[in-house]
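First to last, the protein sequences are chains D and X.
Its first residue numbered 1, the first sequence is counted upward by one per residue in the working numbering.
Its first residue numbered 1001, the second sequence is counted upward by one per residue in the working numbering.
Any given hint could turn out to be false.
[Stated by the list, open to error] The calculated lysine-lysine pairs, modelled on DSS-like cross-linking and capped at a C-alpha distance of 25 Å, are: (1) D/Lys266 to D/Lys456; (2) D/Lys394 to D/Lys435; (3) D/Lys375 to X/Lys1210; (4) D/Lys39 to D/Lys82; (5) X/Lys1236 to D/Lys354; (6) D/Lys236 to D/Lys220; (7) X/Lys1235 to D/Lys319; (8) X/Lys1235 to D/Lys394; (9) D/Lys241 to D/Lys210; (10) D/Lys228 to D/Lys210; (11) D/Lys262 to D/Lys464; (12) D/Lys258 to D/Lys241; (13) D/Lys354 to X/Lys1235; (14) D/Lys39 to D/Lys292; (15) D/Lys276 to X/Lys1235; (16) D/Lys228 to D/Lys33; (17) X/Lys1236 to D/Lys375; (18) X/Lys1236 to D/Lys319; (19) D/Lys292 to D/Lys324.
Derived from the structure by calculation, the hints contain no laboratory data.
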Amino acid sequence: MESNMKENIDYSSYAVVMKDIVKQFPSVLANDKVNFFVKKGAIHALVGENGAGKSTLMNQLYGLYSPNSGEIYINGEKCKIKGPKDAIKYGIGMVHQHFMLIDNQTVYENVVLGLEPKKGVFLNRKKAKKEVKNLSEKYGLQVDIDSKIEDISVGMQQRVEILKILYRGADILIFDEPTAVLTPQETDELFEVMKLLQARGKTIIFITHKLYEVMAITEKVTVMRLGKVTGEIDTKDTNPKQLATMMVGREVLLRVEKDAPKLGKKILSVSNLWVKDNRRLNAVKGVNLEIKAGEILGIAGVAGNGQTEFVEAITGLRKAEDGKIILNGIDITNFSPLQIREQGITHIPEDRIKRGLIEEYPVYYNMILGKHEEKPFSENGFLNSRFITDYSTKLVEKYDVRPRNINMLAGNLSGGNQQKMVVARELDNTPSQPKMAVISQPTRGLDIGAIEYIHKTIISMRDKGIGILLISMELDEIFSLSDRIIVFFEGETIGEVTPDEITREEIGLMMAGSKNVFHSTERGESDETK
Amino acid sequence: MKQNKLYAFLVPVISVIIALLIASVIILSVGKNPIEAYSIMIVGAFGGSEQIADTLVKMTPLLLTGLAVGFGFRAGIFNIGAEGQMTMGALLGAVVAMNIGSVPSVIAIPICIISGMIGGALWASIAGFLKAFTGAHEVITTIMLNWIAVNLSSFMVTGPLAVGSGTPKSPEIADSAKLPVVLKVQASEMSIAIFIAVVVAIIMYVYLEKTTSGYELKGVGFNPYAAEYGGISIKKSIIMTMAISGALAGMAGIVDILGVPPNRFVGELSGGRGFDGIAIALIGRNNPIGIIFAALLIAALRTGSNAMQVQAQIPDDIVSIIQGIVIFLVASERIVYSLMQLTKRKKGSAAA
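One chain only, chain D, in its complex shape (with noise of 0.2 Å):
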């Protein structure tokens, strides 16, 4: 719509002008003459599918790649972004999907690193933790500033990255689907910061595949497929139904549908079980639960009270300090990783690139781990290399898994397609159909194809009588797809409901300690979401 512009046309009213992009990768075209406008001070939504280009787009905005041809304005000046020190110069900062932080360095030495204050040539440790306070408390980003990051929740985490990037003044900030990882609650309080910059006249793209969160707070939205500008439109003359049928390119299911379960016999149980975490402290206290065959017991809370060590110590990643965990009548308590797989225990692990797959394997090589010691994928201690070939094709095709190819180094694929590799992997039946499966965040960072993909094959499994804990931060999937709801707070099980005797709104406030839900909804949230 813009392409016929004139060169001088005066772009002084955007913070950001991409015109004409083209990024092209060895096997795909990434970026097809993409036109990309947002106004100064809006906050704009960037929507579309996994591997639609959105992340490639941005890529070049932060500097990150550099674009095949096609021109890039800031605040109406055309630049060349050779590196984030560039993006971070013309204030452009990113909040990336996958976080960039020092796992072993506290908070806020991650937060001020590369522009630290100093006192002579050393770190001027107390001004760096004042100004990270100040700067923490001033957009209510609460974060134990002391902690270091590998002990901290993903949640956390994000936090910090967001710190990180209002540290350095940006004035335009890209944030990456950051609510993937979020609660409604802390959600909310995202919008609200988001709002409080756009208050003081920052520009926020917003990248999301929610698209009640575009509705909720974006004046704009841009939406891609398949490399390609499909609309750009005000958030107002449009709906979340319109917007999934121009990322997807056909009508989607925005509702899981499910019969009533069909309950088998007890396959877990887990009695009085006690796990410590990173810092040696009490991270779950006497944790009871049963899951029987053909159940999905949901687990809900927000990150870091308790859920990651949890799981950890049901697959053998963390060891269990007391307690029992009984899998189908053997006791598989500190058993390694690799009885309990054995035991008939599938893992989709909440962190992908820390647990779920090795960057430097090709697709075909990740698509066995955990199972490459089993025929028919070895034999006799020797890769099968045609089967694994074979079966890695078909699963990729199977799981949408984009692009199409086996060969290609995991690292390179996109986050939501990296995720749709180890589900295809943790879900198939080959070799042989798991009993249980433990489901942490499966569809962090996916678009809604996906989802409703991913999703009906978790309810299809539990159909064939698997017993599966799902975990997830998404209160709607845990709300669409658990028979049972568990909510975890500080390490305890705080109550166990049911999806369809509790509001979204009741169980946010038990995710928040509140015990009796029943009797607090009415001091409780006006939020008027449904």
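Keeping the supplied structure of chain D fixed, place chain X upon it in accordance with the hints.
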């Protein structure tokens, strides 16, 4: 995939060419003719069967220590201790070879080689266990183990194993343990050791690329968290990597005694070849087949440099310079990559 392989091959080759060009400037600056120097070097390394034998004999231990270090790298372990493991392999293997008596060679040789490998493997495993169970970094522990090995071996050849007078040395090994000689030209004799080493390189390639165990070790090297999640024991992997890496270094040590006169253990035998392994693994990009060529390159440079020094009076330090530049360029492959991109772009714009 194909592109990656081509790229992996091109980086070292281009690095060598650049290194030779830079070195020729230095040769010019000392007033000699680089073309002459290089042709003397090539003749000196490959000009006849004697030269070839010399080169291949030099290449054998370099190839094995290169494989040892490269194997460690593939599994994310920085084994700086090939030097010490080589010495310990040679020591244990030599003790067995001295005392093996008149057993037929078909039995004696494998037993001696395996003893050497066990010597290296046990020595390396100390570092492996320390890393797996206490987290002690292998760079520190293997360096310390190198010193212990050096001193232990000097003690052995001046004390318990010492024979004769003059330079400290052990008794000669039994004849049955000596490797068969395939090529003998005047003073140079070449045993079957080089063939053994090449076969070992191929076995390592198959192991790393085709077996589940190789898949696991590489996985641990890339991402231990994901490997652990995939049911791979990290401790077991670390210890096994160290043991195999040490076994390869130990093999370098013992093969050098079984196959090269005077067929004696002489203490600090390895003359830095354990450390050369690090350079060779780097140049060969930790790929066993690449390491074969890297070892051949370094060995050829060294035999050739002797000829260059004698015939053209060009100091053989030039070889260290070439070696240094090659390693520098391979390690900073980004430079070579950018050069490749540059030529590509030039070609592209010329075509347009």
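Right, here's what the structure says about each hint:
1. A threshold of 25 Å between alpha carbons decides the hint, and for D/Lys266 with D/Lys456 the separation of about 23 Å falls inside it, so the pair holds.
2. For the given pair, D/Lys394 sits about 23 Å from D/Lys435 by alpha-carbon distance, which is consistent with the 25 Å threshold.
3. The straight-line distance between the Cα atoms of D/Lys375 and X/Lys1210 is roughly 15 Å, inside the 25 Å bound, and the hint therefore holds.
4. Between the alpha carbons of D/Lys39 and D/Lys82 the distance comes to roughly 23 Å, so the proposed pair stays at or under 25 Å and holds.
5. At most 25 Å may separate the alpha-carbon atoms for a hinted pair to count; X/Lys1236 and D/Lys354 meet this at roughly 20 Å.
6. Our distance criterion of 25 Å between C-alpha atoms is met by D/Lys236 and D/Lys220, whose separation comes to about 8 Å.
7. Distance hint between X/Lys1235 and D/Lys319 is fulfilled; the C-alpha atoms sit about 16 Å from each other, no more than 25 Å.
8. For a cut-off of 25 Å, the pair hint linking X/Lys1235 to D/Lys394 is broken: about 34 Å separates their Cα positions.
9. A threshold of 25 Å between alpha carbons decides the hint, and for D/Lys241 with D/Lys210 the separation of about 12 Å falls inside it, so the pair holds.
10. A threshold of 25 Å between alpha carbons decides the hint, and for D/Lys228 with D/Lys210 the separation of about 20 Å falls inside it, so the pair holds.
11. At most 25 Å may separate the alpha-carbon atoms for a hinted pair to count; D/Lys262 and D/Lys464 meet this at roughly 9 Å.
12. Between D/Lys258 and D/Lys241, the direct Cα distance comes to roughly 21 Å. Compliance with the 25 Å bound is thereby established for this hinted pair.
13. Restraint check for D/Lys354 and X/Lys1235: satisfied, since their Cα atoms lie roughly 18 Å apart, inside the 25 Å limit.
14. Proposed proximity of D/Lys39 and D/Lys292 is contradicted: the alpha carbons are some 53 Å apart, above 25 Å.
15. Between D/Lys276 and X/Lys1235 the alpha-carbon distance is near 21 Å, which keeps this suggested pair within the 25 Å criterion.
16. A C-alpha spacing of about 7 Å is found between D/Lys228 and D/Lys33, which places the hinted pair at or below 25 Å, so the restraint holds.
17. Restraint check: the Cα-Cα separation between X/Lys1236 and D/Lys375 comes to about 22 Å, which is no more than 25 Å; the hinted pair holds.
18. Distance restraint check for X/Lys1236 and D/Lys319: the Cα-Cα separation of roughly 18 Å lies within the 25 Å cut-off, and the hinted pair is therefore satisfied.
19. Proposed proximity of D/Lys292 and D/Lys324 is supported: the alpha carbons are some 17 Å apart, at most 25 Å.
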